[in-house]
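Peer 1: Construct the complete structure from the given sequences, taking the supplied hints into account.
Protein chains in written order, with our numbering: chain A, 1 to 152; chain B, 1 to 152.
Be a bit skeptical, because a hint or two may be false.
[Stated by the list, open to error] Computed Cβ-Cβ distance ranges for the label pairs, DEER-style:
hint	chain 1	residue 1	chain 2	residue 2	range
1	B	S121	A	D133	28 to 34 Å
2	A	R48	B	P84	32 to 38 Å
3	A	K71	B	G124	34 to 40 Å
4	A	A129	B	D133	47 to 53 Å
5	B	K137	A	R138	51 to 57 Å
6	A	G82	B	A45	33 to 39 Å
7	B	G124	A	A79	26 to 32 Å
8	B	A45	A	E125	38 to 44 Å
9	A	A129	B	A117	22 to 28 Å
10	A	A79	B	R3	15 to 21 Å
11	B	Q110	A	S141	15 to 21 Å
12	A	R42	B	R3	18 to 24 Å
Derived from the structure by calculation, the hints contain no laboratory data. Yeah, the Cβ is synthetic: ideal placement off N, Cα and C, and Gly gets one too.
2 protein chains.
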Amino acid sequence: MKRDSRLSGVLHVLLHMAQQPGPFTSETLAKAMDTNPVVIRRIMAGLRDLNYVRSEKGHGGGWTLACDLSKVTLRDVYAALGSPSLLAMGNRTEAPGCLVEQAVNAALDQAFDDAEALLLSRLGEVTLAMLGDDLRKRLGSRKLQGMSAHHA
Amino acid sequence: MKRDSRLSGVLHVLLHMAQQPGPFTSETLAKAMDTNPVVIRRIMAGLRDLNYVRSEKGHGGGWTLACDLSKVTLRDVYAALGSPSLLAMGNRTEAPGCLVEQAVNAALDQAFDDAEALLLSRLGEVTLAMLGDDLRKRLGSRKLQGMSAHHA
DNA sequence: GTTTCATGTAACTTCTTATGTTACATGATG
DNA sequence: CATCATGTAACATAAGAAGTTACATGAAAC
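Peer 2: This is how it looks when you write it as C-alpha cells:
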C-alpha cells in the first residue's frame, strides 16, 4: 500500500453528504468514491461512534450527518479514524540501550514531533464547514467559467 | 512493515563510524546494528554515490567517512536515501476531476506541505557533527554517572 | 596466480498494513 | 415475511521495508 488515504476518503464522503440532505447508503457513497461499500462503512464507523454521523438500517436507511459542521475540524475527523500514524518514518528502536542510537533518536524525534504537531495544528484549524464553503466557491467559479465559455 | 527506519539506521551507522577511524566492514556494522550486511550496503549505497562515504573491496576494505561532518545535514542524508516519502498519509487521488475531491485535496495538501517543509527544515538544521557532539556529551555524562555511582 | 576477503547486486522471502471483496448476521421498513 | 441496509468477520490483494541467500567483481595477502 502506498499511503493511507482514509482521511482523504472520509472527508470526501462527508463533503458529499453536506451538499444535499441524506440519508445516503454505503453503496451510493461507494459508487461516488469508486470503491466498495464495506470500505465506506469501515471508515465511517469511528465517526458514528463519536456521533458525527448516524446510520440507520432497513428501507430508507443509510448515513446522515449528525454534527455541527462548523464545530468539527479535520483533526477531529482524523482522531475519529483512530489517529493513524502521520509520519512514514520512525526510529529503528525506541528506548534503545545504545547511546549512539539515543543520540540519533533524540535528534530525529525533535524534528518528527515538531512536524507532527504542526500537521495536527493545521488540521485543527480547518472545520468541515470551511471545507464546504471552499467547495461552494469552486462550484460557483465552475458555473461562471461555463457561462463565459458559453458567451465566448 | 511498520515504518521506514532507513534514516534512523544510516545515521546510526555514520555516528558509529565517526567515533573511531575506519574502515568498517558491512559485517561489523551489521552486527552493531543487529541486522544484515546487505541491509548496510543498501542504505549506504546512496551516500557512496554522493561521496559522503567511500567503500573499498578486498583485504582491509570496508566503509570510510569521506566528508566534512560539519557540512552534511540530516536532510542531506535523507536525500541520499532517495528522499522517501515523509508522510504516512496522502490524497486518495491526485489531480481529480471531482470538485469535492479537489476541495479536500486543497485543504489537506496545505497541511501536508507545511508539515513536510517543517520537517525538512528541521533536518537541515542538524549536521552530523552536531550529532557527534551530542553523542560525546552523552558518553561523558554516562561516565560521570558511573563515577558517582561508584562514590555512592 | 590462487586463495581470501569485502563490496555490489539481483532475487527471493517475510512482515506489516491499507484496501478490496465475499459472506453472513442483525435489524428496520414495507 | 420479503427486502433493504448496516455491522462485521474473514479472506484476498497490493505495496514497500527489511531480512536473507547466492553469486559476480575486484583488491590484497600469501
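Peer 1: Find the hints from earlier in the document that the structure breaks and name them by number, from lowest to highest.
Peer 2: none
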